[in-house]
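From first to last, the protein sequence lines are chains A and B.
Following my numbering, the numbering of the first sequence begins with 1 at its first residue and continues without gaps.
Following my numbering, the numbering of the second sequence begins with 1 at its first residue and continues without gaps.
Since the hints were derived computationally from the structure, they do not count as laboratory data.
Be aware that one or more of the hints could be misleading.
Straight-line C-alpha distance at most 27 Å; calculated DSS-like pairs for lysine-lysine [to be verified]: (1) A:Lys63 / A:Lys172; (2) A:Lys441 / B:Lys9; (3) A:Lys404 / A:Lys441; (4) A:Lys172 / A:Lys84; (5) B:Lys107 / B:Lys79; (6) B:Lys107 / A:Lys458.
To give a feel for the contact side, a few chain A residues facing chain B, derived at Cβ under 8 Å [unchecked claim]: (7) Gln188; (8) Val449; (9) Ser468.
Here are some chain B residues the structure puts well away from chain A; computed CB gaps all over 12 Å [to be verified]: (10) Arg24; (11) Gly25; (12) His91.
Don't be surprised by glycine CBs; every beta carbon is placed ideally from N, CA and C.
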Amino acid sequence: MKSTATAEKPTEREGSFTTISGRPINRLYTADDVAGLDYGRDLGDPGQFPYTRGIHPTGYRGKLWTMRQFAGFGTPEETNERYKQLLAAGGTGLSVAFDLPTLMGRDPDHELSLGEVGKCGVNITSLADMERLFEGITLSDITTSMTINSPAPMIFAMYLVVAEKQGADLKKLSGTIQNDILKEFIAQKEYIFPPRPSMRLITDIFEFCSKNVPKWNTISVSGYHIREAGSTSLQELAFTLRDGIEYVQWGVDAGLDVDEFVPQISFFFNAHSDFFEEIAKYRAARKIWARVMKEKFGAKNERSWKLRFHTQTAGVSLTAQQPYNNVVRTALQALSAVLGGTNSLHTNSLDEALALPTAEAATLALRTQQVIAYESGVTNMVDPLGGSYFVEKLTLDMEEGAYKYFDAIDRMGGMVAAIENGYPQREISESSYRFQQAFEKKEKQMVGVNVFAESDEKPFPILYIDDSAHDIQLARLAELRRTRDNAAVERTLGALKEAARGATNTMYPLLDCVRAYATVGEMCDALRQVWGEYEEVPSI
Amino acid sequence: MNTASGVKKIRVVIAKPGLDGHDRGAKVIARALRDAGMEVIYTGLRQTPEMIVAATLQEDADVIGLSILSGAHMHICPKVMELLKAKGLDHVLVVIGGIIPDVDIPKLHAMGVRGIFLPGTPMQDIVDFINGHVSSRAEVV
Numbered sequence: 001m002k003s004t005a006t007a008e009k010p011t012e013r014e015g016s017f018t019t020i021s022g023r024p025i026n027r028l029y030t031a032d033d034v035a036g037l038d039y040g041r042d043l044g045d046p047g048q049f050p051y052t053r054g055i056h057p058t059g060y061r062g063k064l065w066t067m068r069q070f071a072g073f074g075t076p077e078e079t080n081e082r083y084k085q086l087l088a089a090g091g092t093g094l095s096v097a098f099d100l101p102t103l104m105g106r107d108p109d110h111e112l113s114l115g116e117v118g119k120c121g122v123n124i125t126s127l128a129d130m131e132r133l134f135e136g137i138t139l140s141d142i143t144t145s146m147t148i149n150s151p152a153p154m155i156f157a158m159y160l161v162v163a164e165k166q167g168a169d170l171k172k173l174s175g176t177i178q179n180d181i182l183k184e185f186i187a188q189k190e191y192i193f194p195p196r197p198s199m200r201l202i203t204d205i206f207e208f209c210s211k212n213v214p215k216w217n218t219i220s221v222s223g224y225h226i227r228e229a230g231s232t233s234l235q236e237l238a239f240t241l242r243d244g245i246e247y248v249q250w251g252v253d254a255g256l257d258v259d260e261f262v263p264q265i266s267f268f269f270n271a272h273s274d275f276f277e278e279i280a281k282y283r284a285a286r287k288i289w290a291r292v293m294k295e296k297f298g299a300k301n302e303r304s305w306k307l308r309f310h311t312q313t314a315g316v317s318l319t320a321q322q323p324y325n326n327v328v329r330t331a332l333q334a335l336s337a338v339l340g341g342t343n344s345l346h347t348n349s350l351d352e353a354l355a356l357p358t359a360e361a362a363t364l365a366l367r368t369q370q371v372i373a374y375e376s377g378v379t380n381m382v383d384p385l386g387g388s389y390f391v392e393k394l395t396l397d398m399e400e401g402a403y404k405y406f407d408a409i410d411r412m413g414g415m416v417a418a419i420e421n422g423y424p425q426r427e428i429s430e431s432s433y434r435f436q437q438a439f440e441k442k443e444k445q446m447v448g449v450n451v452f453a454e455s456d457e458k459p460f461p462i463l464y465i466d467d468s469a470h471d472i473q474l475a476r477l478a479e480l481r482r483t484r485d486n487a488a489v490e491r492t493l494g495a496l497k498e499a500a501r502g503a504t505n506t507m508y509p510l511l512d513c514v515r516a517y518a519t520v521g522e523m524c525d526a527l528r529q530v531w532g533e534y535e536e537v538p539s540i
Numbered sequence: 001m002n003t004a005s006g007v008k009k010i011r012v013v014i015a016k017p018g019l020d021g022h023d024r025g026a027k028v029i030a031r032a033l034r035d036a037g038m039e040v041i042y043t044g045l046r047q048t049p050e051m052i053v054a055a056t057l058q059e060d061a062d063v064i065g066l067s068i069l070s071g072a073h074m075h076i077c078p079k080v081m082e083l084l085k086a087k088g089l090d091h092v093l094v095v096i097g098g099i100i101p102d103v104d105i106p107k108l109h110a111m112g113v114r115g116i117f118l119p120g121t122p123m124q125d126i127v128d129f130i131n132g133h134v135s136s137r138a139e140v141v
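Model the full structure from these sequences, guided by the hints.
Have a look at this one:
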């Protein structure tokens, strides 16, 4: 700094200038900050390695992002109705939210399902429910994303059987299963089996899809939940990409060809409130992935280098206080995702700190994306912030920080080992507590909560989900167990256990279980008997 | 537990009932209560009402803090309250944090849940509430 700088420094507001993740930010960025930046090496034109500026040469001039709104609640019929509404309103893809019993591989009659059936998402117990969920929707005409992790193979098998029954060509079928178990151990904690057999299920899906459903996205490596659990922007970037690297390594170790399965890996990031830091995160993510796939794994297929990602605005940033403010937050977050080149986007509804969204709130959230796409003009050019001193410097800093985390995790023996040691879990807990303390001291501010709060807020109309889904799904389960061919169920579950004990791909016996109308709980129980259940050591 | 100065610390069981794994809130509040001088026992995930009440008995806790974000509170809370009564643990202060629709708040109060903390609540408010409401046998002497 020049010696005269102090004397010349204009008055600034009190406090430190940092991002929401605590990263210090300078007053001004200049050419000096990006002196080492080499256009060809560090950026490249959109569509060119290392894809910092985007994976498509035409950006959104070629194709807008997919407007994919996550939805699901109650019975399959109720959710089916919401899907038809979203498609009619101009949504371009479906995204299924499952309830906790489905996510945890428990049937509605299990003790722990008490009060949870149909509450946070739709309940899917057997193939019969999957048929109801997509009734009147042609699966070959749409793409569907399913947020399912531990029971991903079971739910995916159900989707494939419904598609088969509709006469779809599986070779052309497209969509995504989240299937990202590592971030479950790290952040969201919806795991069933221990890490190593869980990873085996994933490599089984890689192999099955490369042969049978080649257009399906086999995994959506997710930073979203890591961020929601309280990580910083950098931790989200680093842990997510390191998870992606771990999956690729396990696929390679299982004997698969990188260029056969890596193009089907996609990513899922959070769009939090710190506008530029998020944009830098997306740009750095593309650059890192391209480098690592090409240089570390020797991928030759360009499609293996290109990181494609879905984004969801930050649920954790939504406030129960003054809920209308959430529309503004969501719009800004969505804009950061678009300026960062997202391929697909979910915008949260204004009422989601209170409940699952009402139909009106969900429509407004979709309209928010449409205003950005059709009115703001930001889709006319690719990567409009490329070359900004600040954005490029932040992108470089994020990249450097991510590689430091990779080194630390590599020294522990990889991500599975790091998770077993509790490393990423501890890092996130620390960040989350640090943010909470900063928030309490008002160093970090949320409008309507710790600044500009109002004492007499009016009640806000919300979607109230009663227990009718629980009663209906419970009755259906009893009926199913009475009417199906239970000998076929036993036989197919037996074959599944046999495959799990050996090395046969588990997807084939799972498809047979599904066709026999075995339930999610029964299929998961069969595997629990072989592999046991994971239990986290609670720590604070 | 008695500290060197003879002051009895408030003992709190923080529990995550049901199938939900979103434990950010539970862990943050557990740390905040510990930093405020309380003894905190965190049960970990996927606890049934029976497991939570058994932990309360075993740990001789003064307070149970339930973290529920999934919408299952109207099933879980009545069972916890019922079991506490059956075990003679009526004196235990029960508080809940999470996503609770307004219409359920009077019902939860009526069944004996004393503190209900919604999103955005400062940690200090929860600390103050517990300090102010815990039954006298655990108060600072």
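Evaluation of the provided hints:
Using a Cα cut-off of 27 Å, the hinted pair Lys63 (chain A) and Lys172 (chain A) holds, with the two alpha carbons roughly 20 Å apart. Restraint check for Lys441 (chain A) and Lys9 (chain B): the C-alpha separation of about 26 Å stays at or below 27 Å, so the hint holds. For a cut-off of 27 Å, the pair hint linking Lys404 (chain A) to Lys441 (chain A) is broken: about 30 Å separates their Cα positions. With a C-alpha separation of about 22 Å, the suggested pairing of Lys172 (chain A) with Lys84 (chain A) holds against the 27 Å cut-off.
Between Lys107 (chain B) and Lys79 (chain B) the CA atoms are separated by roughly 14 Å; this keeps the pair inside 27 Å, and the hint holds. Distance check on the hinted pair: Lys107 (chain B) and Lys458 (chain A) sit about 20 Å apart at the alpha-carbon level, within 27 Å; holds. Below 8 Å, beta-carbon pairs count as interface contacts, and Gln188 (chain A) has one with chain B at about 6 Å; its hint therefore holds. Interface hint status for Val449 (chain A): upheld, as the beta-carbon distance to the closest one in chain B is roughly 5 Å, under 8 Å.
Using the Cβ-Cβ criterion of 8 Å, the hint placing Ser468 (chain A) at the interface with chain B is not satisfied: the shortest such distance is roughly 13 Å. For Arg24 (chain B), the non-interface assignment is contradicted: its Cβ lies about 5 Å from the closest Cβ of chain A, within the 12 Å cut-off. Residue placement check: Gly25 (chain B) does not keep its beta carbon more than 12 Å from all beta carbons of chain A (closest about 9 Å). Even its closest Cβ contact with chain A, about 25 Å, leaves His91 (chain B) beyond 12 Å, as expected for a residue assigned away from the interface.
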